[in-house]
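Chains as they are written, first to last, in our numbering: chain D, 1 to 54; chain C, 1 to 706.
Computed footprint of chain C on chain D; a stretch qualifies when at least three of its residues, placed anywhere within it, have a C-beta under 8 Å from a C-beta of chain C:
| no. | stretch |
| --- | --- |
| 1 | 4–16 |
| 2 | 21–32 |
Straight-line C-alpha distance at most 27 Å; calculated DSS-like pairs for lysine-lysine:
| no. | chain 1 | residue 1 | chain 2 | residue 2 |
| --- | --- | --- | --- | --- |
| 3 | D | K34 | C | K640 |
| 4 | C | K196 | C | K207 |
| 5 | C | K228 | C | K189 |
| 6 | D | K31 | C | K509 |
| 7 | C | K386 | C | K476 |
| 8 | C | K274 | C | K122 |
| 9 | D | K31 | C | K633 |
| 10 | D | K34 | C | K633 |
| 11 | C | K39 | C | K509 |
| 12 | D | K31 | C | K39 |
| 13 | D | K31 | C | K640 |
| 14 | D | K34 | C | K509 |
| 15 | C | K473 | C | K382 |
| 16 | C | K633 | D | K28 |
| 17 | C | K509 | D | K28 |
| 18 | C | K172 | C | K132 |
| 19 | C | K255 | C | K176 |
| 20 | C | K324 | D | K3 |
| 21 | C | K196 | C | K210 |
| 22 | C | K39 | D | K28 |
| 23 | C | K39 | D | K34 |
These are calculated hints, taken from the structure and not from any lab test.
Here the structure is a predicted model, which is why all the values come from computation and not from measurement.
Glycine is no exception: its CB is placed at the ideal position from the N, C-alpha and C atoms.
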Amino acid sequence: MFKFIIDNIGTIIVSIILLTLFVLALVKIIKAYKKGKCIGCSCDCDKCKYNKKD
Amino acid sequence: MSIKIGLVGNPNSGKTTLFNNLTGSMQYVGNWPGVTVEKKEGRLKNFKDAIVVDLPGIYSLSPYTLEEVVSRNFIINEKPDVIINIVDATNLERNLYLTTQVIELGIPVIIALNMIDIVEKKGDIFNIEKLKEITGCEVVEVSALKGKGTNEVAKKAIEVATKNDNCNRLFKFTDKVESIINGIEDLVKDTVPNDKLRFTAIKLLEKDEKIDVDLTNQTKLIIEDIVKKTEKDFDDDTESIITNERYSYIENIVKTLYLKKSIVKISISDKIDKVATNRWAAIPIFLVVMFLIYFLAVSTLGAMGTEWVNTVLFGEWIPDLAEKGLTAINSASWLNSLIIDGIIGGVGSVLGFLPQMAILFLLLALLEDVGYLSRIAFILDKVFRKFGLSGKSFIPMMIGTGCSIPGIMASRTIENENDRRITIMTTSFIPCGAKLPIIALVAGAMFNDSAIIAFSAYLLGITAVLISGIILKKFKAFRGKESPFIMELPSYHVPNFKNIAMHTWERIKSFVIKAGTIIFAAAVIIWFASNFSWSLRMVQMDESILASIGKIIQYIFVPLGFGDWKSAVATILGLVAKENVVNAFGILYNIGDVSQAGQEIWNVLPYTALSAYSFLVFNLLCAPCIAAIAAIKREIGSSKWMWITIGFQTALAYVLAITIYQMGLLFGGTFTVYTIPAMLLFVGLIYFIVRPTNKRIRLNEGVNNV
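Build out the structure end to end from the sequences listed, making use of the hints.
Structure, rendered in structure tokens:
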């Protein structure tokens, strides 16, 4: 087990990073969807978080 | 102490520009009326306890459209501590019409006299002291565009709000009308707060149905009698009586405020308009301008940028770097595939189109800033009207060139409910930024970066809007006279590069954010589903989960010429975000592994020129992405209409794509099993376009008009 981890440490670290990024992206998408917004959309709505810049 | 400042003014008077100056925000400033459709808040620079609220533009406090209701409700119900009334000094009469009403609200008001520099430039003289004297309000000269006077307005706003210093010179109607208003005031004084009394009495006299006041039935009847008697005495309806009196008053005071020194001569703006909006030349000029935009954005400058990004950045640098890094850490082969084929291949293929997109956005922002885009709405009004729509529908479509969602929301400026519904249903036909990669991909890969093909996508969008206008207007749910289109054309001016850069950057940023989230997540899912089987074993792509799904759906698209499972899957994934069409191609055709030059990487696509164009037509016109569908549901107000919209758009896309593909084949001498169904669908489409309107509907309309 320990040897497997040592041999594949690079793969494990990169996989964890990618998985974290993937989960973060999904959370962002779901949050935006709940607000009825498109990700990154600079639509003209006061409820949209992208318009709150102050 | 927290202070709330409301920015109130006519549409296109510079409210959002002043809002950005006051708060340091970067809200989208459009050079046409109706850009702001919801209120926006920001904190005043150097005074964090003060909140500035930018409101949609209004001409009066009697709202007609949805976004005007937003403004009035805010002013009346949320009662800001101070109102900054932005008055366009070059359009004094119409702007002061609102001012006379705002002063009646009993809220402290500051007049920010915008565009005074233009008045001075013309050599005209504006008597600011006189305006102070007449209104009793503080008046500050500003140039929102140049940022002049911003600090002074902010300082005065805080001062006036702290002192609760109301303007003390209310506009007086003629004695007869004043006595009627006083009479109504006496009737409602027990139910309405003192500061709102005059405003409420005037609105009740105007028969304003949206005014929120709790009256007894008896009081209501008395007021109705007063209104009827007034209308009889004046031989006019009360709303017109009030409007006429206000305008007569304003006309008189403007004579004392504004001295026209300049000889009335045709301005440069008018000279340009003589050509740009000429009844014969306007449309050809518009077509040439739009062609040039696509020529520069997709074919020449943009294509060069895209070629560099595809060949060098995502073709060599990033994959090489990733490969070296992955080899160095001895990563597993599946991880190499996920990163190089999946993420770099997918996200990279979409980002590859960023230069083309940036140039398109930049040129559109430039056209808008100089004032030409608002002319297009004016020019197209005549064309749209022939097809049952109005130029007012074009503004949401123009806004939708960046993203359909704000475009769909901008339909709120249309007061006629049926016109608004048609506009919502058709706005996403105009290619948004997310569809540009599909256009650039097809134009680049199959048509040698043809500007004509890219431009035809834009024309196709307008054609689809016009066809929809004709078809839908024949149904009872959409019948009715088109909205009148009255639009103030802003003068042409030298472009403000900060504004253009800001506008372009906002759109690019939104695209990059999408690439980092939704496109990245989709790339991971597509890679997984195209490399694993249902039993979660790594397999060849043809045996993958995605292939098994795609092979079921593909039959729907066989008549359209792209009946392979990869194209079918790409089309369906476009419903999540339109960029995913290219994202899916990038992964499914292993673009990350192909190291050819520029657009040639796309030569792996299994298309003929005809089937590629059919693919483009279908993907441009079918149902938009999920976020836009949600916006449609929100704005159209029901799930039923949302489904009707999706069904209508997809059906129209299917009929046009099958017609183009099958007729194209037929002209080339190939007759297929789908030729006759395609002809029948085309005939059906023509029938819906040319069929006469139901007689019963016309009769009903006639009765209603009488």
